[in-house]
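Student: Protein chains in written order, with my numbering: chain C, 29 to 202; chain L, 29 to 202; chain S, 29 to 202; chain U, 29 to 202.
Calculated directly from the structure, the hints in this document are not laboratory data.
Just so you know, not all the hints are guaranteed correct.
Since the list can't tell identical chains apart, any single copy or any two copies may satisfy a pair.
[As the list claims (entries may be wrong)] Result set (SDA-like, lysine to any residue): computed pairs, CA atoms no more than 20 Å apart in a straight line:
| hint | residue 1 | residue 2 |
| --- | --- | --- |
| 1 | K51 | G104 |
| 2 | K131 | S105 |
| 3 | K147 | R60 |
| 4 | K194 | S164 |
| 5 | K65 | P198 |
| 6 | K194 | S144 |
| 7 | K131 | M103 |
| 8 | K65 | R129 |
| 9 | K194 | G163 |
| 10 | K131 | S164 |
| 11 | K147 | R80 |
Protein chains: 4
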Amino acid sequence: MVDLSSTATARPKSITMSTSTEKSSEHLHIERLVETKLPGSPIYAFLLTPVRIVGASKGHVVARLPLSENHMNSMGSIHGSVTATIIDWMGGMAISSWDLRTKSGVSVDIHVTYQSGAKTGDEIEIEGIAERVGGSLAFTNINIFKVEDGKRGRVVVTGTHTKFVKGSEPQKAA
Amino acid sequence: MVDLSSTATARPKSITMSTSTEKSSEHLHIERLVETKLPGSPIYAFLLTPVRIVGASKGHVVARLPLSENHMNSMGSIHGSVTATIIDWMGGMAISSWDLRTKSGVSVDIHVTYQSGAKTGDEIEIEGIAERVGGSLAFTNINIFKVEDGKRGRVVVTGTHTKFVKGSEPQKAA
Amino acid sequence: MVDLSSTATARPKSITMSTSTEKSSEHLHIERLVETKLPGSPIYAFLLTPVRIVGASKGHVVARLPLSENHMNSMGSIHGSVTATIIDWMGGMAISSWDLRTKSGVSVDIHVTYQSGAKTGDEIEIEGIAERVGGSLAFTNINIFKVEDGKRGRVVVTGTHTKFVKGSEPQKAA
Amino acid sequence: MVDLSSTATARPKSITMSTSTEKSSEHLHIERLVETKLPGSPIYAFLLTPVRIVGASKGHVVARLPLSENHMNSMGSIHGSVTATIIDWMGGMAISSWDLRTKSGVSVDIHVTYQSGAKTGDEIEIEGIAERVGGSLAFTNINIFKVEDGKRGRVVVTGTHTKFVKGSEPQKAA
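Start from the sequences and build out the full structure, keeping to the hints where you can.
Tutor: Below you can see the structure in the form of structure tokens.
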């Protein structure tokens, strides 16, 4: 049998654990973006106001969101438009965590696959992975899980979000 | 040269024109769904309240929506989450126009490609085409155009929305 | 009722009909690409050798392909990999028809939805529409239909193909 | 700081390592499918004949493929149609590894994002993850990496493949 232990997993990158009480620079950067940018976007403000950043490292962001009536469809499950919105938002955050940029360009395409539901009162965990951030294009994968027993549980939705990022790079100091 | 005039275009189906003032049964059905269902879905109510059905036939719905601040991103252009929401909604409407069903099942996947922007004060035209509505799956294409000089102008977004429709068929009368 | 006759359809663009026996410059250009480029690509040569260009105008190409055993899956229907290959190829052709460029850049993403099947002996019609060809990105829609009674029949597959086209523009004469 | 160590990663599932020389039942099952089914599919036989299964567990398959001229485009990089074909194939294998079924239904949609290239002489690693296999639909994610220094290196392509699996379940013994 081939020994798979030599097969390093390239993705998803794991969040750097900290034994101290300090947050990573990416974590602080994403929290700042949530504070300063969410209120200026009506749809994000409407749906994402209670989002909480759980951790972040280069190209990797994890957040949690408690679900309320605003997130539901007429059947009482998380609305497909809500998860699409989350994938839109988290793709930008994952890119911003790459190099602490504040802008993340414009969307090229978003793809969402719907796997299971979640209800009011549930909490979801949202994971964004920027797999590649180039000079023109950035590619991200986003997964949404239900939180079960305090931990990441079943997949609710997976998606991809590709952005055109030219011009959104962080400015070099003079 | 091959004569292309024999190549009937299967899609998009054209809206049946009416020289009278009467609306089609599909048109009335979709208007009723907008009236009765939008208010029960917080995200649809937030974004789609001013939507107006322009016309409908079997598997084909056309609507218009004036854009306001609620639809914008932080750069002052139509928000990617808003167009994703429109594609989610219109996929269901196109399926409902197929056979006047009131439910249209659950989403399997949504794909959106972003081609150009639109601003506050612009009006967009949304076209939904249900290409196939089977016993298990229904496939739809949705196009969003900017209205220019009162007519359909440049493409803003195109998308697809596939739904699992088993159990959403109209009930047969007893 | 709103008069829909004022709603010009922006897409798909119709193939310019010719009453003469002459082919359009786009038609000749795409035929030349098929002749010169298909043989250099093993997978295109394997699957697309018998393809025939039916017509072309700016941003719009129509082709037909008779299906043989090479196109089938183990269940005797057109293989999902074959239709994905066709969408890959036709996206490039639609972009090339935009301004008679010979290159069409590199793929960003391809999305395919599978609606119905086709068998050995059937002929399919492939329609490519370049909706927007910009300096960086080009967006295309591709539809595959079964030919029935010599005409475009039911949809087999629809897809999108987005390419990064920077540097593929036609060279200006010196 | 929130302790992320309590956040179990639901995906991708890791291949069960074996310290013995024995292959898992999933590994043997997928190898058998490669032997018996690839030859009957012309496009798979053309492109995937040298594929080698590296490991498999429930819902997770890893394979490697050395790249030859047949896999290249006219620019000397891995062809977008080839990676789309690999995503088509691997989605089915990941589903088959779920419960040792031999059939995996029909495709609903395939989405591919293209991130980087690979050349003749390179080897790629293909990872298929069946995230959910239900009674009607199965959802898979597929990643293709370049093998670098014998290990999984940079991402070449990521994709999703959703299939309608009703009727493909393993037969219960009488």
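Student: Now tell me if each hint is right for this structure.
Tutor: These are the hints, each one checked on the structure:
no. : hint          : verdict
1   : K51 <-> G104  : neither (36 Å within a copy, 32 Å between copies)
2   : K131 <-> S105 : between (32 Å within a copy, 15 Å between copies)
3   : K147 <-> R60  : neither (29 Å within a copy, 27 Å between copies)
4   : K194 <-> S164 : both (5 Å within a copy, 10 Å between copies)
5   : K65 <-> P198  : within (17 Å within a copy, 41 Å between copies)
6   : K194 <-> S144 : between (35 Å within a copy, 16 Å between copies)
7   : K131 <-> M103 : between (36 Å within a copy, 10 Å between copies)
8   : K65 <-> R129  : within (13 Å within a copy, 41 Å between copies)
9   : K194 <-> G163 : both (6 Å within a copy, 12 Å between copies)
10  : K131 <-> S164 : both (14 Å within a copy, 19 Å between copies)
11  : K147 <-> R80  : within (18 Å within a copy, 30 Å between copies)
The structure is inconsistent with the numbered hints 1 and 3, although it conforms to all the rest.
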